[in-house]
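S.K.: Protein chains in written order, with the numbering used here: chain S, 1 to 327; chain Z, 1 to 304; chain P, 1 to 248.
Here are the computed distance ranges between Cβ atoms for each label pair:
hint	chain 1	residue 1	chain 2	residue 2	range
1	P	Glu-197	Z	Glu-90	34 to 42 Å
2	S	Tyr-291	Z	Arg-295	46 to 54 Å
3	S	Ile-305	Z	Arg-264	47 to 55 Å
4	Z	Gln-116	S	Glu-286	24 to 32 Å
5	S	Ile-290	Z	Glu-131	54 to 62 Å
6	P	Met-144	S	Ala-117	35 to 43 Å
7	S	Gly-124	Z	Phe-4	33 to 41 Å
8	P	Val-18	Z	Met-167	20 to 28 Å
9	Z	Arg-264	P	Gly-59	53 to 61 Å
10	Z	Met-167	S	Ile-305	37 to 45 Å
11	P	Asp-193	S	Ile-305	48 to 56 Å
One side of the interface only, derived from the structure: several residues of chain S facing chain Z at Cβ under 7 Å:
hint	residue
12	Leu-118
13	Thr-122
14	Met-129
15	Gln-136
16	Gly-144
17	Leu-145
18	Gly-257
19	Met-296
20	Gly-300
21	Ile-304
22	Val-307
Everything labelled a hint here was simulated from the structure, so no lab data went into it. Positions of the beta carbon are idealized from the N, C-alpha and C atoms, including for glycine.
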Amino acid sequence: MHITRERLIVYGGVLFFALLPPVASFFGEHYLISLFTRAMIYALAAVSLDLLLGYGKMISLGHAAFVGIGAYVVGIMFFHAADDSLLFGFIGGSENALVVWPAAVLVSAMGALVIGALSLRTSGMHFIMITLAFAQMLFYFAVGLETYGGDDGLPMWNRNRLAGLDLADKLHFYYVCFFLMSVFIFCCTRLVRSRFGLVLRGASTNTRRIRALGVHDVSYKLVCFVIAGAGAGLAGALLANQSEFVSPGLLHWGLSGELMVMVLLGGLGTLFGPVLGAVLFLLLEEFLAIYTEHWMVYFGPVLIIVVLTTKRGIYGLLVGGGGNRGG
Amino acid sequence: MLFFVEQSLNGLQLGITLFLMSAGLTLVFGIMRVINLAHGSFYMIGAYCGATTMAATGSFLLAIGAALIGAALAGMVVEVLVLRVLYRREHLDQVLATFGLILFCNELTRIIWGRQPLFMDVPPWLGGSIELLPGLIYPIYRLAVIGVGVAVALFLWFLFSRTRLGMQIRAGAENREMIGALGVNIRLLYTLVFGLGAMLAGLAGVMAGPIMAVESGMGEDILILTFVVIVIGGIGSIRGAVVGALLVGVVDTMGRVFLPSLFRIVFSNAYADSVAASLASMAIYLLMAAILIWRPRGLFPAHS
Amino acid sequence: MGAEILAVKRLRKSFGAVRACQDLSFTVQRGVIHALIGPNGAGKTTVANLLSGELRPDGGHIIFAGADITTLKTYQRARIGLARSFQITQVFEELSVAENMALAILANEGGNFRFWHDALCSPVVLERLPLALERVDLVAQQKMAAKHLSHGERRQLEVGMALAGRPTLLILDEPMAGQGPGGTRELSRIIKDLKNEVSILLVEHDMQVVFSLADHITVLVNGACIADGPPEAIRQDAAVQAAYLGRQ
Ligand SMILES: Nc1ncnc2c1ncn2[C@@H]1O[C@H](COP(=O)(O)OP(=O)(O)OP(=O)(O)O)[C@@H](O)[C@H]1O
Ligand SMILES: [Mg+2]
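Extracted from the complex, chain S is given alone in its bound form:
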């Protein structure tokens, strides 16, 4: 196959992430490794949101809920492992990543199934408000969970254990995140081209037509919602490990909004774009905050202008004609 610009950018990106730790270490900029670990985790969540926004045309303003659920599963399991107590009286805690992370994904997916099934009874503006409301409900639920720290959140004293690896080690954790993010994005690129993906894209472009063809569009959208929720749950599990701390803030709609910004900044419906968006967002946050604590006052208007004037994200600009909005 010939090398397109798109391929070049993707391979370049992979190479960049793969080589970042040794290069950063060489120059003694170790904090870059944690910064990019965080960026990759956010990217994972943003890519899962891109499935919703870009391919399913479902404008969910509550995606952070699933990040939060994933994180809380890890946190709560850790809590019970630490004091040897049982959850609901019969589930023991665990620190094993191979147990806890899949559990986080599963619980997030189940949460997405319930919220999605309810929210998909409507569409348009209703859908936006309802996803936001349900996410806020979970936020308050987390705030009220006194056992697990309530408002103050739940600290973890160490990261999960993963056979043969030391997740407390920056490098190990970085490459675990890199691996998971890459696998997830690869799966997504397959997904959007698969039979499911094609039907989903059809369902999101023209409901009348897809129904007349014999497709119950809502079930496809719901499955997409669940998959996106699962991806966000994985991101949440990683985020809990990264910060060794879980708090209601992870469920807050501010995070949902930020994820959405990453997707649109990077390139809606491109899957790779949101990674760029996430990196850019975190870099901006990191470096603008050095110059002024009020960086949001500049970022807000910039965001409005970007939305109002550009039709494609950064990825679209890089790729040229290929990165059409809405893929």
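Since the structure of chain S is already known, use the hints to place chains Z and P with the ligands on it.
M.R.: For chains Z and P with the ligands alone, kept in the frame of chain S given last:
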């Protein structure tokens, strides 16, 4: 029983605030089909303008006036500069741009007023409590809030069912195709409706000032409750806003008070206590879910 | 069952004061082109929407292949072999022509919850896509996004998609709408070719087109059937002539 009445009044008061918020927003949604996340910012602007004026002049009436003017001006400026461009855009763009507006407004208030919350005193002439029923003592200020809310609701009712402009606006909100047939200056109408909505939000904000802390980001929680109200009531329907707001206000207040005790009766262990508190704050969302299952487009769906 | 593919019984639908369909009854035989004609606003599209399930009737029944489908949803009707095209083109604008057609082929196949293999390389698509495209003359345009097609090509795609799911009854709502003479000829040819494969309910308001294609004609005016019979009989019918001449 007295306790129940007292809690009903509290619920009513929350409902009034929500009504002021949602009446404007539901019109904006219905008429302009634009999703505006920044409506909570007008609430915050109202509260800040009010608190500042109150601190400077000591007059609560001036504070209210400042809040109304400040919020309405902010609303109209935002409409002209940002919203106007968004009308023809997709919902996603609207969400993102108004999210940007929230970030901007929140940070701006932090720059102007600092990170510390402001506190607003209840004006002396509204201070104190009265005995409504034997044994039921209720703060006068909260009664006044309820009174103002009812007055505004009556005013809106008059505006929307007795005046020409109002009837046109309502017709437009419930059936968008009507707007083209109205033969009015649509641009101006949009700006006015948006300004009116912002003004009502500002009024809600300044009246909440003496009850809660005035701080950056205070608009978001109330915004989400407002969304719940609109989802329950139906987009574009003032009647829906009234019913939805009262329902949410009462259910939220009652839920917080009675759910934990109910829960304690059913599950008696200590674990139940913490869950009950969580569940109480979820009551309205469960209400919303139930209404969604029953009527996906809300209690008073607009016919479009 | 027997020779009937579709039977409509006393179907009613009103929009406020407008009675778009009043006590309409007719049957469509298997293997024929059955035309539903009438002047603008007669209620033809309303009937098509009632048949496809996009509208709920106020009363009456729809029997398809011997089964009462009045309460089925649109997608359920499509699954049992009732396909339609739209008067106003409804294609997947963002997708390519090949993707549009592949989707139309896959939609009725079931088993679409497959997440890994490329949809365009699935066996059903490989087998049926070339023919489906060829039938409506869109082989050369298959890589183009649907939104970049010409009006005529879009109409062809519209009909082609309705056909791709191998329906037993095809409802075509004014397939020639907005077509020039060339496009009309092309689509007439396509529809004629279909005759042996599928029963067709052709909604049209252009009498000439209808007389050249239809085996049987039902005439609708103000939501009610004023004539029903073979083309020769309709041509002679006084009521039909009055309705059409009176309008034009
Ligand atoms: N959704 C609707 N709401 C209200 N009235 C409608 C609706 N759809 C159709 N009508 C009315 O019903 C009548 C029949 O309309 P319909 O579209 O079925 O006619 P038609 O025969 O398809 O006309 P044309 O040849 O223009 O396509 C018209 O008077 C139309 O205005
Ligand atoms: Mg028609």
